[in-house]
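Here the protein sequences line up with chains A and B, keeping their order.
At position 231 of the first sequence (counting the first as 1) the number is 231 in this note's numbering, and the numbers step up by one without a gap.
At position 253 of the second sequence (counting the first as 1) the number is 1253 in this note's numbering, and the numbers step up by one without a gap.
If you are wondering where the hints come from, they were derived from the structure by calculation, not from laboratory data.
Incorrect hints may appear among the rest.
Below 25 Å or equal to it, Euclidean Cα-Cα: the simulated BS3-like pairs (lysine-lysine) are [to be verified]: (1) A:59 - B:1334; (2) A:218 - B:1059; (3) A:272 - B:1315; (4) B:1019 - B:1168; (5) B:1059 - B:1315; (6) A:334 - B:1315; (7) A:59 - B:1272; (8) B:1019 - B:1035.
Number of protein chains: 2
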Amino acid sequence: MTDTMQRVVLAARPQGEPKPTDFRLESCPIPTPGKGEMLVKTIWLSLDPYMRGRMDDSKSYANPVQIGERMEGGAVGEVVVSNLPDFSPGDYVTGQFGWQSHAISDGVMVRKLDPKAAPLSTALGVLGMPGITAYVGLNDFGRPKAGETLVVAAATGAVGSLVGQLGKAYELRVVGVAGGPEKCKYAVDELGFDACIDHRAAADASTLRKQIASACPKGVDIYFENVGGKTMEAVIPLMNVHGRIPICGMIAWYNGPEKNVSDSHAPMMVPKLWRTILVNRLSLRGFIIFDHFDRYPDFTKEVAGHIASGKVKYKETIAEGLESAPQAFIELLKGGNFGKQLVSVSPDPTR
Amino acid sequence: MTDTMQRVVLAARPQGEPKPTDFRLESCPIPTPGKGEMLVKTIWLSLDPYMRGRMDDSKSYANPVQIGERMEGGAVGEVVVSNLPDFSPGDYVTGQFGWQSHAISDGVMVRKLDPKAAPLSTALGVLGMPGITAYVGLNDFGRPKAGETLVVAAATGAVGSLVGQLGKAYELRVVGVAGGPEKCKYAVDELGFDACIDHRAAADASTLRKQIASACPKGVDIYFENVGGKTMEAVIPLMNVHGRIPICGMIAWYNGPEKNVSDSHAPMMVPKLWRTILVNRLSLRGFIIFDHFDRYPDFTKEVAGHIASGKVKYKETIAEGLESAPQAFIELLKGGNFGKQLVSVSPDPTR
């Protein structure tokens, strides 16, 4: 145990895409846990698109990170010192420990992990927040029926890859949208999607729409929305009557909602969207996963089973060292990751 | 029984607002009903906003009316000649008889009416299609809970006036939006709304938003959407977390979806809407009432009871003669009606 720790703080509010100078790596003394607290040493830090929202000073479902404050984030760590009855040194735990090498925690919303049941890092991906997001969105708001067609964007990401694989388990036709031929090939060959369309190869929403349409001969019953942007504009007009759109994210617009509305000369306006919702009797449902943590037991049971049987696969991209987190996050927002983006903050003793 | 009948046909597809010359009144011989058919003499014709959609040659939930073809519409009539076992001359019936003085019907989707139970014209309004639209939208997709706040647009229209009165019966705070001081006064004084905002007096969506906001101190839980336009732009940002938006119409945009997007200089774009849906976890549900006719028994039981007890009131605007239908319809699209818009095609013997 060293005497100093590292953390990444928000140095400036980004204008559009975050830059490395919007973050700052700081050192400080490792704090001593008080009564009812424990000290956790971070092993894995999770990077997720929602963190971009926390960097802006605007109303959202959670408070923004203040300038000079540590960046928010889920992590996996090992308990070093504990003044809590339920946690002991050597326990592996997951919680919102933030972008730092060591964290003081009161144990609230912290889960213990069994490294024999699943690799520790999966608590941040397929068996964690992205996984339950996929599970709840598809089941509770997508309401899938065998034989229907599901389109999922960011198809090889932490959420999308599970959405699509669950879709196949539920006997849906699954069409992914991903950035680049390598990801598309992986979605089909490894994840078992029926097709995957490369949005980078499509010049505009209307070209992308034609390609998705030809992969969805019976139209689209469920569009799992986690990107917005060109993909959203491409898919909405393909929705079948009584289609469902669970909305959990819109990464294409995180770096500036006013920009990137459309790459075409006639961006989709609200009246056109509204008309499609009405005429096709669509259900749209925005959801934030922390409203639905009561679904953890069902989710864990089903998805852990699929992982054990090999029906569900997952992929990780690992950045080395806390200092690499800002650049890895900037790349994530551009789709530079392949699968779940993690930062290795200290070695995982169970690997 | 005369030998000739009148009908109104679509003369031309409107560009934007319909003009009188987009319609044509024609005379023709009264047809003779064949085997399995009956002849119905129209008493009341219903005028409804959805008819504007049928005049366009674009994909919707129903086929467009062709040029030279009779305009589509619900009506109440009296059976004159019947070759159907279930219908006899003198029966009062309601069905999609169209804009004409006489109709041949096969009896499918035709309901018999008891003039002693309720005035015949209510089968086209508060106890008919607009009524069940209000009932299903508010109950099934609005999911009201006592103490919540409901905003309803077109507050004194055939749908909106019932939505608001049912809202009061369910112990909601009900705020209407209507065009002009007379309608607003009626909504509060006669229909019992808590408040009603005059959208004509508000210069733009943001002014209207401030007025609605001050009438909704606890935010908006349910926005019953039947107009789109400025009202929609005003209300969406006021939605509470877990708010519900049943969408049954968008009359503000019927005369041209590309126009009338906003009266402000920064129209609401899809990304902003999408973000609100996500952050506030909203449910949006487009619905077309013919998917929900299984709810007729529940609806009729509840609303007929409210009418009998005086809890629900309704208002009618009557245009005299089939030849007045086009102008009355043009006015309806501009909000010129006050309550349910009917055309008196022939005298109602039960009035």
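Going through the hints against the structure:
1. Between residue 59 of chain A and residue 1334 of chain B, the direct Cα distance comes to roughly 37 Å. Violation of the 25 Å bound is thereby established for this hinted pair.
2. The hinted pair formed by residue 218 of chain A and residue 1059 of chain B meets the criterion: a straight-line CA distance of about 17 Å does not exceed 25 Å.
3. Among the hinted pairs, residue 272 of chain A with residue 1315 of chain B is inconsistent with the structure: their alpha-carbon atoms are about 32 Å apart, more than 25 Å.
4. Restraint check: the Cα-Cα separation between residue 1019 of chain B and residue 1168 of chain B comes to about 38 Å, which exceeds 25 Å; the hinted pair is violated.
5. Pair hint residue 1059 of chain B plus residue 1315 of chain B does not hold up; C-alpha atoms about 33 Å apart against a cutoff of 25 Å.
6. Restraint check for residue 334 of chain A and residue 1315 of chain B: not satisfied, since their Cα atoms lie roughly 57 Å apart, outside the 25 Å limit.
7. A C-alpha spacing of about 13 Å is found between residue 59 of chain A and residue 1272 of chain B, which places the hinted pair at or below 25 Å, so the restraint holds.
8. Of the supplied pair hints, the one linking residue 1019 of chain B and residue 1035 of chain B is violated, its CA atoms being roughly 39 Å apart against a limit of 25 Å.
Of the numbered hints stated above, those contradicted by the structure are hints 1, 3, 4, 5, 6, 8, listed in ascending order.
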